[in-house]
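Enquirer: Heads up: the sequence lines are chains Y and V, in that order. Just so we're aligned, residue 51 is where the first sequence starts under the numbering used here, counting upward by one. Just so we're aligned, residue 51 is where the second sequence starts under the numbering used here, counting upward by one.
Hints should not be assumed to be uniformly reliable.
The calculated lysine to any residue pairs, modelled on SDA-like cross-linking and capped at a C-alpha distance of 20 Å, are [claimed, not checked]:
(1) K128/Y x K181/V
(2) K128/V x D65/Y
(3) K181/V x R212/Y
(4) K181/Y x A152/Y
(5) K128/Y x Y215/V
(6) K181/Y x F169/Y
(7) K128/V x D214/Y
(8) K128/V x E145/V
(9) K128/Y x H217/V
(10) K128/Y x G118/Y
(11) K181/V x A203/V
(12) K128/Y x A160/V
(13) K128/V x W191/Y
(14) K128/Y x R161/V
(15) K128/V x N216/Y
(16) K128/V x R161/Y
(17) K128/Y x N216/V
(18) K128/V x R110/V
(19) K181/V x D171/V
(20) K128/V x H217/Y
(21) K181/Y x D202/Y
(22) K181/V x R204/V
(23) K128/Y x L78/Y
(24) K128/V x A160/Y
(25) K128/V x Q67/Y
(26) K128/V x A113/V
(27) K128/Y x G149/Y
(28) K128/Y x Q67/V
(29) K128/Y x W191/V
(30) K181/V x Q67/V
In case anyone wonders, no lab produced these hints; they're calculated from the structure.
2 protein chains.
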Amino acid sequence: MRRCAVALVHHPVIDGQGTIVTTAVTNLDVHDLARSARTYGCSDYFVAHPIAAQRELVERIRAHWMDGSGGRRIPDRKEALGVLRIVESLDAAIELLGGRGAVEVWVTAARDLGETLSFADARARVAGDGKPVLVVFGTGWGLAASVLDSADARLEPIQAVRGDYNHLSVRSACAIALDRLFGAGR
Amino acid sequence: MRRCAVALVHHPVIDGQGTIVTTAVTNLDVHDLARSARTYGCSDYFVAHPIAAQRELVERIRAHWMDGSGGRRIPDRKEALGVLRIVESLDAAIELLGGRGAVEVWVTAARDLGETLSFADARARVAGDGKPVLVVFGTGWGLAASVLDSADARLEPIQAVRGDYNHLSVRSACAIALDRLFGAGR
Chain Y
51 MRRCAVALVH
61 HPVIDGQGTI
71 VTTAVTNLDV
81 HDLARSARTY
91 GCSDYFVAHP
101 IAAQRELVER
111 IRAHWMDGSG
121 GRRIPDRKEA
131 LGVLRIVESL
141 DAAIELLGGR
151 GAVEVWVTAA
161 RDLGETLSFA
171 DARARVAGDG
181 KPVLVVFGTG
191 WGLAASVLDS
201 ADARLEPIQA
211 VRGDYNHLSV
221 RSACAIALDR
231 LFGAGR
Chain V
51 MRRCAVALVH
61 HPVIDGQGTI
71 VTTAVTNLDV
81 HDLARSARTY
91 GCSDYFVAHP
101 IAAQRELVER
111 IRAHWMDGSG
121 GRRIPDRKEA
131 LGVLRIVESL
141 DAAIELLGGR
151 GAVEVWVTAA
161 RDLGETLSFA
171 DARARVAGDG
181 KPVLVVFGTG
191 WGLAASVLDS
201 ADARLEPIQA
211 VRGDYNHLSV
221 RSACAIALDR
231 LFGAGR
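Working from the sequences, and respecting the hints, build out all of it.
Expert: This is the structure:
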């Protein structure tokens with residue numbers, strides 16, 4: 051089974067009008083995605099934000115759960131936060147995994163991106179041998195085209211059997227994607 | 051395909067010591083679970099809380115997204131909040147679905163509950179005909195024994211292929227459970 055890491059990108063992402071923006075950190079994104087990453091055996095959960103004050107906020111949340119009262123109250127959460135890495139950019143996350151040539155970058159989107167990697171194929175690929183895989187999630191209305199275009203693969207959008215509505219939170223989308231890749235009893 | 055509804059219970063649930071408690075409402079639980087429920091075709095998302103002031107808080111969150119500035123900014127979220135029903139108790143949710151004899155109650159837990167319904171079997175059961183299914187999630191450290199014991203089925207705990215750590219948020223657990231029941235391309 052391949053090493054897998056997750057990244058949550060706050061820039062460059064798009065807003066509701068398609069403009070490239072930087073989003074603010076959402077507190078629950080920090081521990082929800084850490085808990086999902088840790089549960090599904092991911093080695094790292096990168097929170098990427100270009101603004102130092104926002105990275106410091108993430109660091110304060112991390113410290114609360116790792117070293118502060120939160121960690122004493124809920125030790126399981128402390129373990130989850132152990133996979134969190136706070137970085138300036140997606141590129142910095144890729145560097146920490148060994149550089150662009152050493153990692154497969156898979157991006158995600160709620161909308162149809164044309165040619166995509168199905169979750170069935172993706173699950174088979176992570177079960178085999180190969181480079182580490184970095185699964186990238188965008189905040190706001192999703193990853194900017196520059197990030198989508200430079201990826202090695204685009205995961206298929208998450209869809210339901212019935213209905214064509216898809217407006218999952220990034221917390222839910224990450225949990226579902228990791229379960230599709232690494233869930234047991236499937 | 052059977053009608054499916056989701057319930058998020060704030061009482062009776064247990065805390066870290068196994069004591070029965072009432073938990074406070076978490077803002078993001080309101081819309082994250084609504085968005086998952088709507089995406090996977092559930093008819094209703096019941097937030098059950100015995101304290102009136104907490105139900106009023108949920109109503110304020112609902113109004114922000116349905117009638118307020120939130121709904122104007124993000125119309126997709128308005129549609130998700132349309133499935134939200136605010137009730138006093140799990141029993142009240144069951145009554146709204148036609149009463150105890152008219153609904154199958156399936157409970158969830160992160161820990162092993164003995165005899166459980168596998169997600170594969172559960173998926174086949176919801177795909178067929180029958181009573182509406184109400185899938186029940188607990189806040190805090192999970193549903194109290196009285197709720198677990200009165201259910202028609204207990205869904206198997208969500209687990210990963212590798213590792214035995216399981217500390218998902220209820221937002222993630224609900225998203226994964228609905229994807230396992232109603233996800234496409236599986």
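Enquirer: Against which earlier hints does the structure fall short, listed by number upward?
Expert: 1, 8, 27, 30
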